[in-house]
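Participant: Chain by chain, the residues:
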Amino acid sequence: MKSILIVDDTRSFLDAIALSLRHKGFVVVRAENGAEAVAAADRTRPDLVLLDLAMPVMDGLTCLRTLRGRPGGKDLPVLLLSALTDRERRDEAERLGIQGVLVKSQFSLDDVYRNVVRLVGLPTEAAAAAPLPLPAAG
Amino acid sequence: MRSAAKKLRQPPSRNADARSLQVGHARFQRLMESNMVGVAVVDAVGGVSEANDYYLNLIGYTRAEFDAGKVCWTDVTPPEHLPADEMALAELRREGVCTPYEKEYLRRDGTLVPVLIYDAMLDGPREQILAFVLDISDRKRAEEALRQSEERFRHIFRDGPLGMAVFDARNRFVEVNRAFCKMLGMSDRELMSRTVADVTHPDDREADLPFVRRLLAGELSSYSIEKRFVRKDGEARWARITTSFLRAPASGRACGLKMVEDVTQRKQAEERLRRSESQLAEAQHLAHMGSWHWDLAADAITWSDEQYRLYGLNPGTVSPNFQLFLGLVHPDDRGRVKALIEQSHRDGGPLDYEFRIARGDGQVRVLYSRGHAVVDAAGRVVAMHGTSHDITERVQAEEAMRISERRYRSVVAAATDLVWVADGQGKMTLDVPGWREITGQTEAESLGWGWVDAVHPDDRDHLVKVWSSSLATQNPHEQEFRLRARDGSYRHVICRAVPVFNQGGAVIEWVGTITDVTDRKRAEAAERERNDLRNAVRALDRVLGVVGHELRTPLAATRAMTELLLMQDAAQGDEAARLLRSAHDEIVKMGAMVNDLLEVARLNSGTAKWNWTNVPVARACREAIESVRPLVDAAQVELSVRADPQDLCITGDAEAVRRLVLNLLTNAHKNTRAGSIRVAAVRHRERDTDYVRIEIADTGNGISPEVTAKLGEAFVLNSGIVGDDYVKGSGLGLAICRGIVAAHGGRMSVASAPGRGTTVTVLLRADLAAPASDGREVRITVESAGI
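Order-wise, the sequence lines are chains A and B. So in this note's numbering, spot 37 of the first sequence is number 37, and the numbers just go up one at a time. So in this note's numbering, spot 345 of the second sequence is number 345, and the numbers just go up one at a time.
Isolated chain A, as found in the complex (with noise of 0.2 Å):
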């Protein structure tokens, strides 16, 4: 079963991304800062890493860095859903190596699964007939 660690401090959105990813048959871990992140990293070893760049505690650039850095992390396939989009900081993530970046209020969830899809593969069709359990309220 493919697994997804959403990162964004950004609740509401979190909760709908976490939604529609399990709802297709992911397993989905989510954090709401970089060092939760690089927590949940080592504790669940996602498939797949959805990545915010501005949140607190700890930003998405060093939380890449810190990711890069652990054993395995370096091939660990990272998605940037951002609402920065300034050149400095999407090169820095470059440098560091991402698979893409989506432009937060520019992709549709949709285009959110397309490219999870690209990056991991179909989830299998156990998970995807697993009941979908409820977010945390919020």
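Read the hints as simulated data drawn from the structure, not as lab findings. Hints may be right or wrong, so weigh each one.
[Unchecked claim] Pairwise CB distance ranges, derived in the manner of DEER restraints: (1) B:GLU638 / A:ASP111: 32 to 42 Å; (2) B:VAL537 / A:ASP111: 30 to 40 Å; (3) A:GLY100 / B:ARG522: 47 to 57 Å; (4) A:ASP91 / B:ARG530: 50 to 60 Å; (5) A:GLY100 / B:VAL594: 23 to 33 Å; (6) A:GLY97 / B:ARG528: 42 to 52 Å; (7) B:SER627 / A:ASP111: 52 to 62 Å; (8) A:ARG45 / B:ALA634: 38 to 48 Å; (9) B:ARG581 / A:ARG45: 53 to 63 Å; (10) B:SER627 / A:ASP91: 37 to 47 Å; (11) B:ALA634 / A:ASP111: 40 to 50 Å; (12) A:ARG45 / B:VAL594: 54 to 64 Å; (13) B:VAL511 / A:ASP91: 51 to 61 Å; (14) B:VAL411 / A:ASP91: 46 to 56 Å.
[Unchecked claim] Chain B is faced by these chain A residues, among others (derived, beta-carbon under 7 Å): (15) THR10; (16) ALA40; (17) THR44; (18) LEU102; (19) SER105; (20) LEU109; (21) TYR113.
Note that beta-carbon positions come from the ideal geometry of N, C-alpha and C, so glycine has one too.
Chain A is already provided as a structure; the job is to place chain B on it using the hints.
Facilitator: Below, chain B without anything else, positioned relative to chain A:
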């Protein structure tokens, strides 16, 4: 002799006597003939019966005259000697012999000859006397010479100008002369009780020792030294003393003679000369001045020690002549120097010239020489003498000065700045063509204090004040002012002034520059405008970036949630309702954000509309608290309002004041998870002005100094600050607060420390009739966290 004479008188025995008589007669004959001594047989009354040649020669008679009976010894005896003869005759008759005695014979030629007589009475019937006569002329002459010599010595000793003293083996004075006594200021009696050492200067007492040893060893017969003796009055005098040793004739003991010449004056003269020469040499050395003398006939030059040094030579190491001198002269100057000196030879005129010398050590020095000719009776130049002076340093200094002067002139000519000179009292003393060129003033108008007329009237007082202060303190100054150009426009100039001190430390003049900075100022203003524009564009970029981020985030969430709702099978029932609520919240947030943006834009552009009325401050604070209360966990955070007095009022915009307090409370709430948030409003009076002071104090996390420094700058806080420094919020809330406070004529400050909470203090004017519209910006000042 006496016994021999007795024998002559004894009668001999017969046979033996006859033989003995024969022998005696023969011996007598040989004695007579030997002519070593005068021998004569005489009688008591002058008769001479026998005489040898020696005798006859002695008295000046020939043998023929003797034979003719013409010789009578009484005839040749001067009458004054006859008594001596009588006495001898009496002794003869008594003793048979007489004691040898001296007398004189008067010779035929009238001269006197001294003789020594020895007589013996011969035996016989007649009284016959055998006389032996010895010529003692030589001895007498010698004795006379000695006597005269002694007499002279006595005279010299007694009356001579030389001090003389005889001393014995123990150095005691035995005899001293008057001159010696006079030298020592003592009588001869006083000296007799002293030794040589007693009157010798203590430092010189050993001076004789080495000579005395050599004298005693026979190496010297006398010696002379100069040493000091000490007079009775204690004065030390220099003397030249010649000492010789001799033996006293009478006692045979050794004694010494000292001849003493007082040379004190000579010594003093020598010392004066030596000192004077030494001073001259020192003076020459100090002055780098040497002296020279050139004897033309011998072509011999004499140099003073310093003259040698001037040429880089050790004194006395060469024997200078004209060629040697020319060889020292720098090749480029040699011809000129030679011609000058030759000219002086010809006409006897003075020498006065500078020339270079190339010294052995490679140095080229410049000497200045003066000299003049010495002429003989016939007017011929026989010698030249003069002085030389090393003027290298002076020449170098003069050259440096010339270069400096040229450099200064070049700089003045080349500089775009005006260069001016004023006297010690600050009056312009030098015509500055550039000044006249710019201002159109004449030279007369610009000198003294006239230049002030060309200064902009608004700048004159200050300029004169600064200038006067500078004159008083003697400190350089620099100031900017406007200068009226001849076309009536004004130029911006910078004037710099520095004092010029003399060696005594007094200001003798001021020099300075005037730099036209008009073009530079224009360029700087243009550059400032460009920078402002660039900064504005950058700020706009930043705002757009942040606004983009701040709006995209809720938009992205809303879009995702609504898409989820549209996927009918994905979200149902409660889930759908929850999604809708979240989407609504995000839309409300976006609306508030857009409002804030518009509010800030209005405040910044001065187009904000104010509803200016009486504002009960306590109510505004309570309303703000109530607005924030739903957000706060009442179990964890205590909210309170205190107003003193309760009816505290100001004139202002009530909604704006509520908004102000609300924004500050919202910030406090974000930082405070537990503890308290308190609002307090009190009266405050400062500089005759009434204010209301509102404090919003929380016990929350506090704010780091890096963040407090940026508070109130819209979008600055999160414009690119992410990660650990990420601070939630756009900064719009505090930006709005700043605008409200500005309109109410107040100010804001923040005191915060991480972990200890934050207190924001706002002062609002209590009685402002209308919104302040002076465009004054309110900065949020940071105070030390005394909370």
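Participant: Now, for every hint given, state plainly whether the structure supports it.
Facilitator: Hint by hint, here is what the structure shows:
no.: 1; hint: B:GLU638 / A:ASP111: 32 to 42 Å; in the structure: violated (47 Å)
no.: 2; hint: B:VAL537 / A:ASP111: 30 to 40 Å; in the structure: holds (33 Å)
no.: 3; hint: A:GLY100 / B:ARG522: 47 to 57 Å; in the structure: holds (53 Å)
no.: 4; hint: A:ASP91 / B:ARG530: 50 to 60 Å; in the structure: violated (28 Å)
no.: 5; hint: A:GLY100 / B:VAL594: 23 to 33 Å; in the structure: holds (31 Å)
no.: 6; hint: A:GLY97 / B:ARG528: 42 to 52 Å; in the structure: holds (44 Å)
no.: 7; hint: B:SER627 / A:ASP111: 52 to 62 Å; in the structure: violated (39 Å)
no.: 8; hint: A:ARG45 / B:ALA634: 38 to 48 Å; in the structure: holds (42 Å)
no.: 9; hint: B:ARG581 / A:ARG45: 53 to 63 Å; in the structure: violated (34 Å)
no.: 10; hint: B:SER627 / A:ASP91: 37 to 47 Å; in the structure: holds (43 Å)
no.: 11; hint: B:ALA634 / A:ASP111: 40 to 50 Å; in the structure: holds (43 Å)
no.: 12; hint: A:ARG45 / B:VAL594: 54 to 64 Å; in the structure: violated (43 Å)
no.: 13; hint: B:VAL511 / A:ASP91: 51 to 61 Å; in the structure: holds (58 Å)
no.: 14; hint: B:VAL411 / A:ASP91: 46 to 56 Å; in the structure: holds (53 Å)
no.: 15; hint: THR10; in the structure: holds (5 Å)
no.: 16; hint: ALA40; in the structure: violated (18 Å)
no.: 17; hint: THR44; in the structure: violated (22 Å)
no.: 18; hint: LEU102; in the structure: violated (9 Å)
no.: 19; hint: SER105; in the structure: holds (4 Å)
no.: 20; hint: LEU109; in the structure: holds (5 Å)
no.: 21; hint: TYR113; in the structure: violated (11 Å)
Hint check: violations occur at hints 1, 4, 7, 9, 12, 16, 17, 18, 21; the rest are consistent with the structure.
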